[in-house]
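K.L.:
Throw the hints in and build the complete structure from the sequences for me.
Spelled out, the chains give:
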Amino acid sequence: MLAIAWFTFSFPDFQYAFLSILLEGLPFLLGGAILSGLLEEFLPQSLMTRLLPKNPRVAIVVSGLLGVIFPVCECGIVPVVRRLLKKGLPVSCGVTYMLAAPIVNPLVILSTLAAFRGQGAWEMTILRFGLGLSVAILAGWVVSYCSPASILRPGLLSPDHDHDHHHGGSGGMLDRLQNASLVATKDFLDVAVFFVIGAAAASLFSTAVNQEIILPLAANPPLAIVSLMGLASVLSVCSTTDAFIAATLTTFPMAAKLAFLVFGPMLDFKLLFLYGAAFSKRFIIVLALGLFVVIGLLCWRLSTLNLAW
Amino acid sequence: MNHSDTASFSIKGLRDSLLLLLWGGFVLWLSFSGQLSIYLHPSLQPYTTASGVVFLLLSIFGFSSVFPLSRHTYKHKHHECGCDHHPLGEQHGLHGHGHGETESHEHHHHGTGGGVGAMIFKTILLLLPLAIIVSGKATAYSITTVQNRGVVDNINNLPSAKAGASASPASSSASKSLALATPSNTSLNNPSTDQVTNATPSDQTSYSGGPMPLQVIDMLYAVQMPSYRGEFEGKDVEIVGQYVPMTTGNPKGDRFQAIRMFITCCAADAKPVGVTVQYPKPIKVSEMGWLKITGKPTFPMEGGRRTAVLEATKVEECPAPSEPFVY
Numbered sequence: 001m002l003a004i005a006w007f008t009f010s011f012p013d014f015q016y017a018f019l020s021i022l023l024e025g026l027p028f029l030l031g032g033a034i035l036s037g038l039l040e041e042f043l044p045q046s047l048m049t050r051l052l053p054k055n056p057r058v059a060i061v062v063s064g065l066l067g068v069i070f071p072v073c074e075c076g077i078v079p080v081v082r083r084l085l086k087k088g089l090p091v092s093c094g095v096t097y098m099l100a101a102p103i104v105n106p107l108v109i110l111s112t113l114a115a116f117r118g119q120g121a122w123e124m125t126i127l128r129f130g131l132g133l134s135v136a137i138l139a140g141w142v143v144s145y146c147s148p149a150s151i152l153r154p155g156l157l158s159p160d161h162d163h164d165h166h167h168g169g170s171g172g173m174l175d176r177l178q179n180a181s182l183v184a185t186k187d188f189l190d191v192a193v194f195f196v197i198g199a200a201a202a203s204l205f206s207t208a209v210n211q212e213i214i215l216p217l218a219a220n221p222p223l224a225i226v227s228l229m230g231l232a233s234v235l236s237v238c239s240t241t242d243a244f245i246a247a248t249l250t251t252f253p254m255a256a257k258l259a260f261l262v263f264g265p266m267l268d269f270k271l272l273f274l275y276g277a278a279f280s281k282r283f284i285i286v287l288a289l290g291l292f293v294v295i296g297l298l299c300w301r302l303s304t305l306n307l308a309w
Numbered sequence: 001m002n003h004s005d006t007a008s009f010s011i012k013g014l015r016d017s018l019l020l021l022l023w024g025g026f027v028l029w030l031s032f033s034g035q036l037s038i039y040l041h042p043s044l045q046p047y048t049t050a051s052g053v054v055f056l057l058l059s060i061f062g063f064s065s066v067f068p069l070s071r072h073t074y075k076h077k078h079h080e081c082g083c084d085h086h087p088l089g090e091q092h093g094l095h096g097h098g099h100g101e102t103e104s105h106e107h108h109h110h111g112t113g114g115g116v117g118a119m120i121f122k123t124i125l126l127l128l129p130l131a132i133i134v135s136g137k138a139t140a141y142s143i144t145t146v147q148n149r150g151v152v153d154n155i156n157n158l159p160s161a162k163a164g165a166s167a168s169p170a171s172s173s174a175s176k177s178l179a180l181a182t183p184s185n186t187s188l189n190n191p192s193t194d195q196v197t198n199a200t201p202s203d204q205t206s207y208s209g210g211p212m213p214l215q216v217i218d219m220l221y222a223v224q225m226p227s228y229r230g231e232f233e234g235k236d237v238e239i240v241g242q243y244v245p246m247t248t249g250n251p252k253g254d255r256f257q258a259i260r261m262f263i264t265c266c267a268a269d270a271k272p273v274g275v276t277v278q279y280p281k282p283i284k285v286s287e288m289g290w291l292k293i294t295g296k297p298t299f300p301m302e303g304g305r306r307t308a309v310l311e312a313t314k315v316e317e318c319p320a321p322s323e324p325f326v327y
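Each protein sequence line maps, in turn, to chains A and B.
The first sequence stops at residue 309 when you use my numbering, and every number in between is there.
The second sequence stops at residue 327 when you use my numbering, and every number in between is there.
Hints in this document: simulated from the structure, not taken from any laboratory.
Check before you lean on any hint, since a few could be wrong.
As the list claims (entries may be wrong) - Examples of chain B residues toward chain A, derived with CB under 7 Å:
no. : residue
1   : Thr48
2   : Ser51
3   : Lys122
4   : Ala138
5   : Arg149
6   : Gly150
7   : Cys265
8   : Cys266
9   : Ala268
As the list claims (entries may be wrong) - Per the computed footprint, the stretches of chain B lying under chain A, defined by three or more beta-carbons under 8 Å from a beta-carbon of chain A, are:
no. : region
10  : 12 to 21
11  : 37 to 46
12  : 123 to 137
Note that this is a predicted model, so its numbers are computed, not measured.
We treat Cβ as the ideally placed atom computed from N, Cα and C, and that holds for glycine.
P.N.:
Next comes the structure, spelled out in structure tokens:
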């Protein structure tokens with residue numbers, strides 16, 4: 001066992017948390033991969049561009065709201081976005097959808113309402129939705145000015161024909177389902193590699209770091225916000241349940257809890273690695289820093305408004 | 001497509017199918033052997049079990065693709081193939097087939113990068129979780145994680161508990177268990193409740209005038225709810241929990257904590273929930289060992305706030321309950 005003041009590592013505990021995160025996330029990751037396979041086989045390539053508004057900025061806003069009617073949690077979103085990008089979804093829209101979907105998801109809205117009952121539930125839910133959507137749209141707008149080559153993982157848009165596909169829908173339904181399953185398998189295994197690494201990182205920090213070290217920071221709003229964003233990354237909790245954990249951080253100001261609820265689903269430790277399945281390392285680092293600064297500043301600004309919550 | 005491409009594809013397809021077969025097999029084995037409950041909240045277990053079935057189905061599709069019963073062969077040109085020729089990619093020069101094949105090809109397989117080394121690395125990485133499952137060592141937390149997370153002894157600091165307690169006791173899981181533990185509800189005639197069953201597997205037959213089976217979490221709820229406190233304050237109760245020595249707030253050295261792990265989703269978010277036990281005799285069990293404690297609950301004011309202290313009359317080692325968590 002390795003032990004220093006705030007870091008005490010136990011390998012069996014790490015393994016236990018690691019398996020737990022994997023077993024919890026697997027169905028959602030697999031669900032995303034299945035959806036990806038179905039999209040590949042059954043969604044005509046032109047449909048995406050036809051459905052999206054012609055105005056790029058409006059398209060980004062619509063992509064942000066797509067998560068309300070097309071909900072996917074943060075584990076399942078990466079294979080879906082990868083596939084949508086391959087299908088022709090603009091990168092800016094893909095990034096917006098990916099960041100917003102785990103927050104604007106109806107299940108997440110309901111769980112936030114339930115968790116903060118008696119603690120300004122409506123205010124927290126509306127602010128979480130609004131701030132999450134706004135930050136995602138902002139990220140999409142910034143991305144729209146960048147070259148896709150600098151954002152996407154090299155080779156992402158290259159065709160991946162690691163399967164015996166039957167083109168043009170000429171096969172029967174069973175053939176098409178088989179094609180969809182092969183795409184789903186490939187996408188799942190591609191993303192699962194990053195998920196395994198992300199789960200390992202999250203497990204390491206969630207079991208080895210003494211979580212009580214952040215308690216003294218609660219009295220200082222900027223530090224409280226930063227520390228809870230860090231905690232959200234460390235814990236890597238699913239966005240459908242993170243509100244229940246945030247609600248118990250009673251010594252922390254509401255703005256810090258809001259930062260926890262917005263930053264976590266966009267960029268926790270496991271996502272940091274999962275995004276590697278679709279985006280370049282440089283983009284992920286810039287995205288992480290950008291989200292950290294923007295969400296931190298916005299929440300800090302909210303904390304100075306003395307809102308009645 | 002040359003022969004090496006075919007071989008590479010077959011190996012990769014075979015590897016993918018085998019991996020899915022193994023993952024599906026292990027997930028279903030965990031499910032049907034009841035071991036999934038060591039890792040996940042009951043509400044999430046069906047999804048993971050279903051994913052095991054889907055893994056197997058995908059594996060079957062994969063094997064049928066690697067070893068097809070009848071082989072479709074047809075030729076086409078790229079512009080006819082309907083492949084992922086991404087408009088943005090082409091626009092920005094991202095896209096190129098790059099597989100060095102002629103325009104006309106048969107079952108083409110574009111290279112996706114990553115050679116044999118990368119494939120082996122990924123395969124090892126994807127087999128790693130299965131190896132951990134096989135090792136059977138990752139089944140519970142040690143005292144290290146309990147200390148790193150801190151023991152919760154205030155129900156308001158427990159995920160999802162505060163709202164339930166303040167708004168509607170009857171709607172919270174803990175109050176449910178509390179209600180079940182009251183004399184009017186907990187009896188041999190009603191042993192089917194999860195909370196009572198999970199807390200003390202051996203208690204189902206022992207509660208008929210004997211000590212009342214309680215959960216650690218019940219005592220924490222009772223601290224906040226005087227009406228419930230009255231149901232068992234001063235009566236003989238029995239609690240099952242894991243032994244954690246008290247290093248602070250224990251001047252006489254006669255106290256320890258009995259903890260249970262409370263989970264929201266999975267064991268990764270588990271929070272230790274504990275109640276203080278006062279027992280003058282030495283405890284002969286290792287840290288995190290399971291104890292069955294009999295005693296009388298008290299709710300004294302300590303350090304300016306009301307706390308729960310179980311004054312134990314009997315402490316004995318017991319096997320771990322089949323479901324180690326409280327929810």
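K.L.:
Hey, does the Arg149 of chain B contact hint survive, CB to chain A under 7 Å?
P.N.:
Result: holds, 6 Å to nearest chain A Cβ.
K.L.:
Was the hint right that Cys265 of chain B lines chain A, CB cutoff 7 Å?
P.N.:
Since chain A brings a Cβ to about 5 Å from Cys265 of chain B, closer than 7 Å, the hint holds.
K.L.:
Against chain A, does the region 12 to 21 of chain B show at least 3 residues with beta-carbon separation below 8 Å?
P.N.:
holds (count 6)
K.L.:
Using 7 Å as the Cβ threshold, decide whether Ala138 of chain B counts as touching chain A.
P.N.:
holds (4 Å)
K.L.:
Does Lys122 of chain B hold up as a contact with chain A if the rule is Cβ-Cβ below 7 Å?
P.N.:
holds (5 Å)
K.L.:
Are there three or more residues in the region 37 to 46 of chain B whose C-beta lies closer than 8 Å to some C-beta of chain A?
P.N.:
holds (count 3)
K.L.:
With a C-beta cutoff of 8 Å, work out whether three or more residues of the region 123 to 137 of chain B approach chain A closely enough for the coverage to hold.
P.N.:
Since three or more residues must qualify, the claim that chain A covers the region 123 to 137 of chain B holds, with 8 doing so at under 8 Å.
K.L.:
How about Ala268 of chain B: closest beta carbon in chain A under 7 Å, or not?
P.N.:
holds (4 Å)
K.L.:
Taking the closest Cβ pair, is Ser51 of chain B under 7 Å from chain A?
P.N.:
holds (4 Å)
K.L.:
Taking the closest Cβ pair, is Gly150 of chain B under 7 Å from chain A?
P.N.:
holds (5 Å)
K.L.:
Going by Cβ atoms only, is Thr48 of chain B closer than 7 Å to chain A?
P.N.:
holds (5 Å)
K.L.:
Is the interface hint for Cys266 of chain B satisfied, with its Cβ closer than 7 Å to some Cβ of chain A?
P.N.:
holds (4 Å)
Violated hints for the displayed structure: none, as all numbered hints are satisfied.
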